[in-house]
Amino acid sequence: EAGVAQSPRYKIIEKRQSVAFWCNPISGHATLYWYQQILGQGPKLLIQFQNNGVVDDSQLPKDRFSAERLKGVDSTLKIQPAKLEDSAVYLCASSSRGQGPFNEQFFGPGTRLTVL
Amino acid sequence: SQQGEEDPQALSIQEGENATMNCSYKTSINNLQWYRQNSGRGLVHLILIRSNEREKHSGRLRVTLDTSKKSSSLLITASRAADTASYFCATVPNSGGYQKVTFGIGTKLQVIP
Chain A
532 EAGVAQSPRY KIIEKRQSVA FWCNPISGHA TLYWYQQILG QGPKLLIQFQ NNGVVDDSQL
592 PKDRFSAERL KGVDSTLKIQ PAKLEDSAVY LCASSSRGQG PFNEQFFGPG TRLTVL
Chain B
19 SQQGEEDPQA LSIQEGENAT MNCSYKTSIN NLQWYRQNSG RGLVHLILIR SNEREKHSGR
79 LRVTLDTSKK SSSLLITASR AADTASYFCA TVPNSGGYQK VTFGIGTKLQ VIP
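Same order as they appear, the protein sequences are chains A and B.
The working numbering puts the first residue of the first sequence at 532, with every later residue one more than the last.
The working numbering puts the first residue of the second sequence at 19, with every later residue one more than the last.
Isolated chain A (complex conformation) (with noise of 0.2 Å):
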C-alpha cells in the first residue's frame, strides 16, 4: 500500500511570511497527525484528527498555526507568519485504529522548514 504521502519536500521563508504543508494519509486511516520536530528533539504533536474532528490541538500555537482536514482524508497545516523559531521538520502520520491505544503510527518524510 502506499504510504504517508507529504509535500512540499523542503521550503524555505523568510520571517513573517506565510507557509502551507499538505499530507495525504494512508488510504483508510481515520487518524490524522501532524509533528514539529525541531532538530536534535523528539516529534511533538501539534494536533490531531480523528477523521475531520479535531482531537487534540493543546500544543499548537494557534495565533499563528491552523490546520483542516477536509472530507477526512488530505489535511493541509499553515503558519502565518513565520518565526525564526518555527524552523524544523513538520511531519505527518497517520493510524487505522482511531483513539485507542495500541496505535500504531505511520508516518510520512517530513518536511523542513528553514525560516530565515
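Incorrect hints may have been included.
Unchecked claim - Distance condition first, Cα-Cα at most 25 Å in a straight line; then the derived DSS-like pairs of lysine-lysine:
1. B:Lys44 <-> A:Lys575
2. A:Lys602 <-> B:Lys118
3. A:Lys575 <-> B:Lys118
4. B:Lys88 <-> A:Lys575
5. B:Lys87 <-> A:Lys609
6. A:Lys593 <-> B:Lys118
7. A:Lys609 <-> A:Lys546
Don't read these hints as lab results, they were simulated from the structure.
Using the hints provided, position chain B relative to the given structure of chain A.
Chain B only, in chain A's frame:
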C-alpha cells in the same frame, strides 16, 4: 513536555556489537512504543510493548519493560551499519478517554562498519 527520556543521547559501536538504549518515563502507561528514524526520513514503528508485558522480541530487537521502575530498554543484537539511525521511545498514558502518544528526545546510534 516530553514524557520519555532516552539514555544515552548518543551511542557509537562497531558493527556486530550489541546496542542498548534506555527510556525512562514519569506517569503510568498503557503501552510503550519504539520508533526508528533514519536521517532525513520519517519515523518507522519498530515494536509495541503493553504495560502487562515484560519482554518482547522482533527479529534482532528485544524490548523490556519494567513498570515498577518506569523504564524500558531496546536491545539491538549483532548491529549492522544499516541500523545507524535515531531511536525514539513513545509512551501512551494509562488514562481514560483520549490517549496521546508522547515521544522522547531520542538516542542517536552510529554503527561503524
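The hints, checked one at a time:
1. Between Lys44 of chain B and Lys575 of chain A the alpha-carbon distance is near 17 Å, which keeps this suggested pair within the 25 Å criterion.
2. Restraint check for Lys602 of chain A and Lys118 of chain B: satisfied, since their Cα atoms lie roughly 23 Å apart, inside the 25 Å limit.
3. For the proposed pair Lys575 of chain A and Lys118 of chain B, the alpha carbon gap of about 11 Å is at most 25 Å, so the pair holds.
4. Taking the CA atoms of Lys88 of chain B and Lys575 of chain A, the gap is near 21 Å; set against the 25 Å cutoff, the hint holds.
5. For a cut-off of 25 Å, the pair hint linking Lys87 of chain B to Lys609 of chain A is broken: about 41 Å separates their Cα positions.
6. At roughly 19 Å between alpha-carbon atoms, Lys593 of chain A and Lys118 of chain B fall within 25 Å of each other, so this suggested pair holds.
7. Using a Cα cut-off of 25 Å, the hinted pair Lys609 of chain A and Lys546 of chain A holds, with the two alpha carbons roughly 14 Å apart.
Going down the numbered hints, you'll see the structure goes against just number 5.
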